[in-house]
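Enquirer: One letter stands for each residue in the lines below.
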Amino acid sequence: MRHHKLATWSVMYLVLGVLAAMWMYPIVVAVVKSFAVGGTGNYTAVLNHDRFDYWSAIGNSFMLAGGSAAVIMIIASLAGFAFARMQFRGRGLLYKALLAGMAIPVAAVVTPLFSTMNDLGLRDSSLGVLLPLVAFNMLVMLLLMKNHFESIPQELVEAATIDGARPIGVFTKIFLPLSGPALANVGVLSFVYCWNEYLLPNLLLTSPEKFPVTQAISLLQYERMSQEQIGQLYAGLILMTIPSVIVYLFSQRYLQSGLTAGAVKS
Amino acid sequence: MRQFGGRWAPYLYVAPIVVLAAGLLYYTVGYAVWASLTDWNGLTRMDFVGLDNYTRLFEDRTFYIALGNTLKFMVAAVGLQTVLGLLVAVIAKERLPGSNLFKAIFFLPIAMAPAIIATVFKYMFEANYGSLNETLRAMGLLGQDSTILWLGADLGVWSIVVINVFAWMGFSMMVYFSGLMSIPDELYEAAELDGAGWWRRLRSITIPSLRGTTSVLITLGIVGSLKTFDTVWLTTQGGPGVSTHFLSTFLYQERLNRDAGYSSAIGIFILVAAFVLAVVQARLSSREK
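Line by line, the protein sequences give chains C and G. The first sequence maps to residues 1 to 266 in my numbering. The second sequence maps to residues 267 to 555 in my numbering.
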């Protein structure tokens, strides 16, 4: 029996070890290459680059992802509250119409979206990227918030209403305080999705000083790359990953539960 | 009793989301439908041409290459992510010493933007000085002057599959892991008393209990495949030639070629495919309940 268990464990470690080596390989390559040719000089070169401004890229990403996440949390919880707890004409139809919008891929509507933002005078502006980021991510979050609000006992609403509370009071004084984890899930998930977005900024932004990290990578690439430039590119990629790893470490619990909830409920 | 929220207030609560959805999602879809029936160049020219763009699409060799690549990617990436995710989750549940470290390694790519992952792989896969070929040469698995064109016409799509599996396997692992936690221990204990081995328990208890999780992961993966853009655009850009185009990058290329009407027709094709998949998913999940 003990021998049997030892054999099983060995096989499992072997499988995990081989897979882990495959998963570590690209990361090791990136780290080693980031010091190749120029050593730590690659990092200082990237931080003092003539085309690429590290802090502005990080700032832009934080602004876009943080701003979108904040707007999504507000509008998805307001609408989720109404769809979960209020009766109004057209509610069912409206909700279904909104959920159908979840299936729209950004790629399918790029040119009309570009023209629309252009007509609104929002091309090459951060607001012009933030609005579509919100629009394309808010509906999944609406679904999550509505499902969450439906799980709060109706008795709480009734007791508060008898005490004379208005709906907005029920929302801010009862529902929101009970929704910390759900809001954190929605906030973290929206932040990560918007941080990772590449297509929308690439479509809508042309000024390098407005680029978020995903788009700023292009500023470190050239038609023909010398080994030194490749080293700097890798150094830049590592520097640009640090903020998202930090965010990830602080929000791991909510990111994991949010991703799982998003997967299971959508 | 008076309705909670009254008659008009609810509309105020839903207004921001409805306005954004109408203005940026449904309006652009309508715009795309109209544009696909014109010879729009993305700027001013926009004359009605009927279904010309669609007949051109279904006769375009590149469209079938892009569709084929998208389907190959869908099957291979979704299959690998699901199988490996399940395997790692099942092993991690055995609580081997150090299994948390392994989980962290597989989950690490989730903390990296796909655009960054794609760029790391692009230079790693480069044929002449890329690290992968250099490593293979150092290990003697590849001749000193030989190259493997990882991002070439033959292997490109499969390399893109590898990048995607690297990025998302940890997600499947985590979803499976939380699914495993909800299987009652008694089931395993009973099976063990009956003398069922590890493999037998996996096949008769674990996999059937996780059927719901598996179908969710497969649908998410399929929908994700239709949306895949960054990984392709930032590595091969559809090349060499048009050999590694996906539907989304083919669309983007036509847009850059100022063929916005034609590009919109590709968009409508993607949109219809996405809606069909969403409806199939809804049917399947309601049947399961």
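Errors might be hidden in some of the hints.
[What the hints assert, rightly or not] When the alpha-carbon atoms are kept at most 27 Å apart in a straight line, the in silico DSS-like pairs for lysine-lysine are as follows: (1) G:Lys369 <-> C:Lys5; (2) G:Lys369 <-> G:Lys359; (3) G:Lys338 <-> C:Lys5; (4) G:Lys359 <-> G:Lys493; (5) C:Lys96 <-> G:Lys493.
[Said to hold, decoys possible] Some chain G residues judged to face chain C by a derived CB distance under 8 Å, without partners named: (6) Tyr297; (7) Asn307; (8) Phe314; (9) Gly316; (10) Tyr320; (11) Ala381; (12) Pro474; (13) Gly507; (14) Ala540.
What the hints contain is simulated information worked out from the structure, not anything from laboratory work. Predicted model only: the values in this text are computed from it and were never measured. Cβ coordinates follow ideal geometry from the N, Cα and C atoms, glycine included.
Enquirer: Closer than 8 Å between Cβ atoms is the bar; does Ala540 (chain G) clear it against chain C? Give me holds or violated.
Expert: holds (5 Å)
Enquirer: Given the hinted pair Lys369 (chain G) and Lys5 (chain C), is their Cα-Cα distance within 27 Å?
Expert: holds (21 Å)
Enquirer: Regarding the pair Lys96 (chain C) and Lys493 (chain G), is the alpha-carbon distance no greater than 27 Å?
Expert: Holds, at roughly 22 Å.
Enquirer: Is it true that the CA of Lys369 (chain G) sits at most 27 Å from the CA of Lys359 (chain G)?
Expert: Status holds; Cα separation ~10 Å.
Enquirer: Can the hint on Pro474 (chain G) be confirmed by a CB-to-CB distance to chain C that is less than 8 Å?
Expert: violated (18 Å)
Enquirer: Does the nearest C-beta of chain C fall within a distance shorter than 8 Å of the C-beta of Asn307 (chain G)?
Expert: Violated. Min distance 10 Å.
Enquirer: Double-check Tyr320 (chain G) for me: the hint is only fine if its C-beta lies closer than 8 Å to a C-beta in chain C.
Expert: violated (15 Å)
Enquirer: Once the shortest beta carbon distance from Tyr297 (chain G) to chain C is found, is it less than 8 Å?
Expert: With a minimum Cβ separation of about 4 Å from chain C (threshold 8 Å), the hint on Tyr297 (chain G) holds.
Enquirer: Could you check if Ala381 (chain G) really has its C-beta closer than 8 Å to a C-beta on chain C?
Expert: holds (4 Å)
Enquirer: Does the nearest C-beta of chain C fall within a distance shorter than 8 Å of the C-beta of Gly316 (chain G)?
Expert: violated (19 Å)
Enquirer: For a C-alpha distance cap of 27 Å, please report whether Lys338 (chain G) and Lys5 (chain C) respect it.
Expert: violated (39 Å)
Enquirer: May I ask you to test the interface hint for Gly507 (chain G) with respect to chain C, counting a Cβ-Cβ separation under 8 Å as satisfied?
Expert: Status violated, d = 19 Å.
Of the hints listed earlier, those the structure fails to meet are numbers 3, 4, 7, 8, 9, 10, 12 and 13, in rising order.
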